[in-house]
Amino acid sequence: MTSTTAPTPALSLRGLRKEFASPAGPVRAVDGVDLEIAPGEVVAFLGPNGAGKTSTIDMVLGLSAPTSGTVRVFGADPADAIAAGRVAAVMQTGGLLRDITVAETVALTAALFGSSGSPVPYLERAGIADLADRMVGTCSGGQQQRLRFAMALVSEPDLLLLDEPTTGMDVEGRREFWAAIRADAAAGRTVVFATHYLEEADTYADRVVLVSEGRVVADGSTTEVKSLASGRTVSARVDDDGERAAVAAQLRALPVVDAIDHRGSRLVVRTADSDDVARFLLTQTAARDLEVASDNLEDAFVALTTAATASPLDGATR
Amino acid sequence: MSTTTPTAPAGTTRTSGARPRVPVATAVRTYLAVELRRSLRNRRSLIFSVVMPPVFFLIFGLQGDYADQSAGNGNVTAWIAVSMALYGAMVTATGGGASVSVERAQGWTRQLRLTPLRPTVYVVVKLAAAMALGAVSVAVTLAVAAATGAQMPVGAWILCALLAWVGSLVFAAFGLFMGYLLPAENVMQILGPVLALLSFGGGLFVPLGDGWWATVAQLFPTYGLAELVHAPLGGDLGVGAVVNVVAWAAIFSAGAAWRFRKDTARV
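Residue numbers (this note's numbering), protein chains in the order written: chain Y, 8 to 325; chain W, 55 to 321.
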């Protein structure tokens with residue numbers, strides 16, 4: 008803690024950028040991320056594959072250096088935070104020796120942090136005490152993931168990062184994994200997890216940071232982001248090509264319209280207010296055969312993360 | 055919004071930087087124990103390190119009247135036993151070095167970077183475990199040889215064993231370097247045959263004779279060590295052999311250090 012009034016943020020990213028060299032020129036994986044996470048928050052870092060989530064996490068862990076910008080973990084450099092055991096991570100894949108037991112893995116990890124105590128308490132907290140003597144290579148994906156979680160616990164980190172922790176797990180494994188994480192986070196640990204499962208962010212996070220193409224496109228409570236993401240689709244038929252183009256132009260001028268798609272002779276309109284759009288189409292235009300459909304969250308998520316434009320929520324909550 | 059309010063963050067009891075430094079001894083002791091247990095469990099590497107060298111000795115070292123022919127101040131059987139002891143130590147050390155890159159491919163070294171363990175300490179632990187297994191390999195081969203008719207002075211037994219064991223460090227660096235260059239989980243499937251070829255070429259398995267090959271062989275990384283480990287049996291140790299060992303040790307270590315530094319740099 009510093010002497011200032013605000014507590015030191017668990018995580019502070021300022022103008023964070025990361026470029027990778029590629030044959031086709033530099034690729035910008037992270038493109039100017041500003042983010043502050045307070046101690047005790049459970050935050051989902053939500054975005055499609057390739058949004059820059061893993062690149063960002065690697066920089067937070069000190070595994071890679073930013074091209075520009077800064078990362079502070081509890082006010083310190085990532086490498087120092089790692090050495091002090093204040094930040095730990097559950098990586099997506101790898102990072103395990105297959106030919107030692109679950110208990111040996113955790114005991115070794117603890118020893119690397121200078122503790123020679125029993126691994127059992129950590130195994131219990133991760134819900135894998137019954138697997139203690141099993142070879143890591145024979146554990147299922149979900150069991151290995153809980154092992155990674157147990158390993159992350161040995162330094163009693165204040166900040167825990169999870170990179171797509173449940174990828175490839177079945178429903179049961181996912182639920183058990185999150186039960187273990189949630190039980191632990193209740194003690195006040197800051198948890199940041201990357202995911203591309205909207206439902207996972209919705210269920211387990213207090214706050215959702217939506218990223219796309221290396222930028223933060225929305226940041227707010229799960230309810231806020233959900234309301235942002237829940238829209239409807241209105242579609243209608245306009246037979247004449249010229250007429251259809253004119254209608255599309257008029258629709259675009261409506262403030263409630265988010266996006267317009269052409270599918271053959273149908274116009275497909277994404278909107279936050281389907282009533283307005285339907286009323287407009289039926290009363291002011293030649294549109295007919297109108298349909299209104301509820302967006303599912305996945306569609307909305309895709310719409311939000313593929314549209315490069317900033318959403319209304321952008322930066323509004325912090 | 056948050057069910058876990060930031061009023062009691064987990065970090066309040068800690069002041070950053072005030073942590074005691076991680077006792078490296080605990081880390082190294084535990085890690086070394088884990089590595090030794092892994093060696094004992096790995097049937098494949100046990101066969102290559104501890105079973106094959108004495109078996110090779112039994113096949114090649116007991117032919118004809120080798121036991122009655124003298125080689126320096128021992129018999130030919132002893133000469134071949136020392137060759138096989140070096141071969142076993144070399145294979146073990148190479149495997150130990152190469153396992154670093156195997157574990158890198160499995161993401162383990164990345165995982166270690168999330169702990170206070172320094173990458174150099176990790177490599178030292180890996181090599182120390184390999185050297186421990188190498189000592190067992192040398193001891194088993196020479197014990198089998200002693201029991202089946204190899205003869206040389208007591209001092210030569212001890213010196214040959216030590217030279218084969220310590221000399222194999224050159225190949226630990228070789229394994230480390232090659233592992234970084236050929237990052238594959240089955241790198242030893244490539245390096246195993248390479249070691250066998252190097253052993254033949256460098257005069258470890260068969261005498262070099264006096265032909266043109268004897269000249270070419272002097273450039274092999276196995277040549278210097280082969281000459282060196284047999285020195286206690288008598289005969290003259292040429293300057294070329296010593297230069298060979300030092301040069302290859304330098305090349306492999308520099309290569310390994312170069313790749314290691316590149317690998318551990320933050321990019």
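Among the clues, some could well be false.
Stated by the list, open to error - Quick list of in silico lysine to any residue cross-link-like pairs, SDA-like style, CA-CA up to 20 Å:
1) W:Lys316 / Y:Phe27
2) W:Lys316 / W:Ile113
3) W:Lys316 / W:Ala159
4) W:Lys316 / Y:Leu70
5) W:Lys316 / W:Phe110
6) W:Lys316 / W:Arg164
7) W:Lys316 / W:Ala201
8) W:Lys316 / W:Ile305
9) W:Lys316 / Y:Arg132
10) W:Lys316 / W:Ala238
11) W:Lys316 / Y:Asp177
12) W:Lys316 / Y:Gly39
13) W:Lys316 / W:Ala250
14) W:Lys316 / W:Gly209
15) W:Lys316 / W:Arg158
16) W:Lys316 / W:Arg172
17) W:Lys316 / W:Leu213
18) W:Lys316 / W:Thr174
19) W:Lys316 / W:Val78
20) W:Lys316 / Y:Tyr204
21) W:Lys316 / Y:Thr74
22) W:Lys316 / W:Pro173
23) W:Lys316 / W:Val82
24) W:Lys316 / Y:Ala190
25) W:Lys316 / Y:Gly69
26) W:Lys316 / W:Trp162
27) W:Lys316 / W:Gly263
Think of the hints as simulated: they come from the structure by calculation, not from any bench.
> Failing hints, ascending?
Replying inline: Violated hints: 2, 5, 7, 9, 11, 12, 13, 14, 17, 19, 20, 23, 24, 27; rest satisfied.
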